[in-house]
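Trainee: One letter stands for each residue in the lines below.
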Amino acid sequence: MAVGIPTPVAVPRLGLRAVRLSEVSFAWLLVAPAILAIVVVVAVPLAYSLWLSFTDVNLLRTSGAALELFGIRLPLYRWVGPKNYLQVFSDPLYWDSLWRTLYFVGAFVIEATLVGIGVALVLNERFPGRPLMRSLLLVPWSLSRIVVGLLWIGILDFEFGAFNGYAQRLGLLTGSIAFFKDGFSALNVLVSVYMWNQAPFATLLFLAGMQSISEDLYAAAEVDGAGYWQRFRYVTLPALRPILFLVLVLCTVNGFLMLDLIYILTMGGPANETTTISWLGFQTSFAFFKFGPGTAILYTLTGLCLLLTFIYHRLILARFEPEG
Amino acid sequence: MSTISRRRFLANAGLLGAGAVLAEGALRRACADKPLNFSGWVFKPDTVKDYVEFYNKKYGGQVKYEAIPWTAYHPTMETRAFAGEIVDVMYCNHNNRERWYENGLIRPIDDLPGTDELKKKMTPANLDSLKSKDGSKLLGLPYFTSLFVLIYNEPMLSQAGIKAPAKSWDELVEHCTKLKKDKVSDTPFLPNWNNSPSGTMPQFMTDCFSEGANVFDAKNRVIVDQEPGAARAMERWHKVYKAELVNPEVLTKTSSTDTHRIFWTGRYAYHTNHSYYLKTIAGEPENSKLAPKKAKMAMYPGTGQTYMWTDSYVVNAKTKVLDDAWKLTKFLGGNLNGDWYVQRQWCLISGLDNPYPEMYDHPEIIQSYDRWIDLKMLREQYKKGRVIAAYKEPWYGEYDTKAVATVHNIIRGTTTVPKGLKDLVALQKSLA
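Same order as they appear, the protein sequences are chains A and B. Per the numbering used here, the first sequence starts with residue 1, numbered consecutively. Per the numbering used here, the second sequence starts with residue 325, numbered consecutively.
Note that these hints are calculated values from the structure, not bench results.
Taking lysine to aspartate or glutamate and the DMTMM-like style, the derived pairs with C-alpha atoms no more than 20 Å apart in a straight line are:
(1) B/Lys-358 - B/Glu-377
(2) B/Lys-566 - A/Asp-182
(3) B/Lys-613 - A/Glu-159
(4) B/Lys-746 - B/Asp-541
(5) A/Lys-83 - B/Glu-722
(6) B/Lys-504 - A/Glu-159
(7) B/Lys-746 - B/Glu-559
(8) A/Lys-181 - B/Glu-568
(9) A/Lys-181 - B/Asp-582
(10) B/Lys-642 - B/Asp-435
(11) B/Lys-563 - B/Asp-494
(12) A/Lys-290 - B/Glu-426
(13) B/Lys-507 - A/Glu-159
(14) B/Lys-753 - B/Glu-717
(15) B/Lys-563 - B/Glu-495
(16) B/Lys-381 - B/Asp-663
(17) B/Lys-746 - A/Asp-91
(18) A/Lys-290 - B/Glu-717
Stretches of chain B that chain A covers, calculated by requiring three or more beta carbons in the stretch to come under 8 Å of a beta carbon on chain A:
(19) 388-399
(20) 716-727
C-beta: ideal position from N, C-alpha, C; glycine also.
Hey, can you work out the whole structure from these sequences and the hints?
Mentor: Okay, here's the thing in structure tokens:
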């Protein structure tokens, strides 16, 4: 039997006209659900919280004008213009908290980056037990920060802390060290504990970056007579610039937003000496129920994060982006 | 062989069916028609679950209980109200009660059956605490009441040859100085200067009262800069801090619970904190080195007056099950059907006091308290408990939190006492 051309099958008309979409329209159609989801879960809450920062919010007084979205009623409250921002900027506590936040973020970013690179360099070498070490590395990062806070109280507490207990038993200390006795000491404890929690993630990123560097580059550098530090300086570091940018941005944003360790370890004290902007915003919103000024405080934090990201981008990444 | 007629069969079957239906109805407990939501902050949630279960069984309730962490509790309840959720019965601390009432979240309970009898049973100071700012409405029933007490470590004082606990502040400082000098204790004094709302500021008010000072005037304005007693209290705080008689880490403790646990170690001579903490200190040998009864209560020095407060159970203004909500509230904060079950349980389990004096005549309570405290002395101390009305002001919560920093600065000497007290007055004025 000869194989012939298949006979066209009569397709019943469904009454739908074939729609011809341009490539661009088709692309928009495909990404539309994702964009819609982002608008609903990111853009709307952001816009609403920005609006709140210009209003006089009382959660228990929700009558009045409101926005109805997907069956959810969003009260608009009374517009007060820039009053909340002016109030925040005229508060000396805000400025004290801002300088303290900058110190905290600066110290944390430096510590986390240096420790991250250092540990990544170690874990990039071949040695027995390396896979186990790489797995254990992630433990601090995978712990909830509430647990991290409680864990470090258990280590550093003046009365019950393991550090003081063991140091006394070993005869290294006669009394106990009070790590939280003053604000500066307590703030540095917060920096170190947060670094302990976050540095593993930086390590992971740096390690991934190091493993993508071609061995040929190191071989060529060795042929040229480069030692270990020269190879690090002229091969590893330049190749890690995109990762460094990522780590700096993530650490900076995380540092600005850190709240839970303060909640567990110091509650902003003694006095206000461990109060950062995020803690101040949290307290203003949720302890004093002043959601207008609270969101205004937190929006200044958002502005700072964006500014620093821009600066990092200009300093580290922009000059190294491929042309064309 | 006997036969059965169709008619008889149907009659018997009908009887059997009716019997089954009636029997089931009789056996089944009378249940509330609708479930009732009840929320509180986390404090012994298993105990609360137990008595909610008891209530559901005994009174046929359908109560759903949920515990929320203490610090997030009041904001959480407000955001839930914002989202339209109705929690029928709630815990509410004294600082938030007026705010919730003024904003329509909770309803007064004066019109509900049995309230007048409960009012008569309450001590007048606690009753005032539970009323609205204008004194016209009762906003809740008591969850518990407490005040600050002085606790001392008897074995440590004996070891140092001190025969009786301090009766005055000068004597207390003298004892602590001697204990440090003799190397009996590095930091003999443990005041509740923690950074939470239950720490530094209530302790500040307590010590001002004990020095005969007022903190607020009749219009609830802060007046500590005009009160010599307040200055004396602050001079003393700075003095004991500077002399290193106090563990400086107490300033960064995040709760009164954490603070009282330090006293468990037995390395401190004197401690000031909420009365119920003595139960774990002197009554729990598995936790505390000062149990059983090695730590004791002494009358507060000076005038003996200390800060007292009353936290409460409140009823949601929008509840759709008012009768059931009120029944549960009476079970929790009163004596439903004449039984003080929950109030008694808190006394027995946690040493949480309540404002119903008749409770303390109950043999079970007397026997239980005898294991950890001198009940007669505690009742005497309660007679000197002093309530304030300032927490009913809208600015109070913010003042109470922000004032901690100023008081910590006074303690550490980073500001002078007169300036610090003036700063407190200025802070209140700026918020009012």
